[in-house]
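Novice: Listed below are the residues making up each chain.
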Amino acid sequence: MSLKGKAAAIGIAELKPWKEPPPDTTPLSLMARLTAEAIADAGLEKKDIDGFLVGMPVADPGFIYPASAAEVLGINPRMLNIVDIGGASPAGMIWRAAAAINAGMADAVLCIVADLNKAGDQKVPVISVQREFEAPYGNIGANCGYAMIANRHIYEYGTEPEQMAKVAVDQRKNALKNPLATFNDKPLTINDVLNSRMIVDPLHLYEIVSPCSGGSAVIVASPEVAKRAKNPPAWLLGAGEFSNHSSITYAPSLTDSPIKPAADAAFKMAGVDRKDVDLVCPYDCYTITVLVTFEDAGFCKKGQGGPFAAEHDLTYAGDFPCNTHGGQLSFGQPGLGGGMSHVVEAIRQLMGRGGERQVKDASLAYVNGNGGIMSEQVSLIMERRA
Amino acid sequence: MSELNRGDYRKPLPKPSPTSRPFWEAARRHELRLQRCGACNHYVYYPRDRCPYCMADKLEWRDVSGRGKVHSYTVVRRASTRSFADGPYVLAIVELDEGPHMTTNVVASPESVKVGMPVTVFFDDVTPEHTLVKFKPA
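In order, the protein sequences belong to chains A and B. Number 331 in our numbering belongs to position 331 of the first sequence; there are no gaps in the numbering. Number 118 in our numbering belongs to position 118 of the second sequence; there are no gaps in the numbering.
These are computed hints drawn from the structure, not numbers from a lab. Computed from a predicted model, the values in this text were never measured in an experiment. C-beta: ideal position from N, C-alpha, C; glycine also. Hints may contain errors.
Claimed, not checked - Straight-line distance between alpha carbons at most 27 Å, and here's what the computed DSSO-like set of lysine-lysine pairs gives: (1) B:K69 to A:K302; (2) B:K11 to A:K301; (3) A:K118 to B:K69.
Said to hold, decoys possible - The following label-pair restraints were derived from C-beta to C-beta distances: (4) B:R28 to A:G318: 56 to 64 Å; (5) B:Y9 to A:I64: 32 to 40 Å; (6) A:K16 to B:A108: 39 to 47 Å.
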């Protein structure tokens, strides 16, 4: 059993994130706009959508959510579900959509996320075990866990602050060519990153995503439906998913992440080599996340993510194009739309719609979705056929 | 332990479950007790109903040494919640000599904390009814 070549992404929609959402905006109003735009982009009609995968908006959560959202959008799906694996949810939707299509349970699946970031700092873990054993010590929010991963990585491998900062710097160069990116007005230097405020040692402000409001959508379709799509399809070649912890405290390792089994599974299914990949879109909630992904996805040796980032040009014009939309570090993190931004960018590049930041002859992309504190991992390999 | 009797303490407090109550009750007595599996001999933290390694129904409460080392840490200079905004604090993962990892605070000057540093447990009675398990340099 394999999902190789069994479904393709044929339509995308993505909003420019807002730091402050427009008044009277709701997650469902954003989803309505995204649904219309994604269907138009694919060249389909609303009645063609018969599968529905949705992320739970933090700003408007509810039980039995998918049917209520589908009802608002006027979609009557043969398959509907919520995907709840944190920032890995969008990447997780893509292979779940392909699996449903491959099983004959749907032909065109709308994968959609939208959320509003409400100002305020009353974050409390939603997981009861973490309320009990993490929150009393101040392990609240994602910053702390990634900082501890970074400090352990520095201890084990000698990773340097400049190497981590390079990720934010190169991705900013990409963002300067992305009209939808939140931070696309001025370049960033390594000194800018290292001189920005220390938030959680060793992570500086510019190494940490900025929460925003927004959303995005992708339509995944069967080969039959893909034939009448407006865009060149971006085929799913391989997928892998893995989780081995929720809180990073109880992970088997802080530095060997569950990305490795997810990526190995995806490459095995796709039957392609790492060296054939034209661009990578790794989840980048923090700079350290990208270095660990380079290692565990097999693009460099374990522990060498820092030197690898320093030695390669990660821009759209470089020798190892990475997060050509700017990554979430420069695009912004509109809730789950942050995770979807990597998926959308890979599809956009494979469709040849990268504009000024188009990677030349991009035909094979690696995407990683990451949830929680490196807890849920989804790797995807997507291809544009010649 | 009730949320009501928290006095001036504003940070989040643990709300014990039936499974975890013996851990927190021991902490109140200034004892560090963990579960150990009678089938596979693993020490287990946080408390469980069945051993997460072998699923055996043989978890027994044992006193442990309270010694360990800093597996990793961070100095939180800007907290995500207002209740922790009262100055930098050291959040750490401590690897106990018995094996399990614990989320905790190392109470020491932030500059002195290093990965691999030996630490020893102490009990912080944050309210008359709540004791947190923290560590200090050994």
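Novice: None of the hints should be skipped; say for each whether it holds.
Specialist: Hints and how they fare:
1. B:K69 to A:K302: holds (24 Å)
2. B:K11 to A:K301: Given that 27 Å is the threshold and the Cα spacing comes to 42 Å, the pair is violated.
3. A:K118 to B:K69: Between A:K118 and B:K69 the Cα gap is close to 39 Å, so the pair fails against 27 Å, i.e. violated.
4. B:R28 to A:G318: 56 to 64 Å: The hinted range 56 to 64 Å holds for B:R28 and A:G318, with Cβ atoms some 58 Å apart.
5. B:Y9 to A:I64: 32 to 40 Å: holds (38 Å)
6. A:K16 to B:A108: 39 to 47 Å: With a Cβ separation near 45 Å, A:K16 and B:A108 satisfy 39 to 47 Å, so the hint holds.
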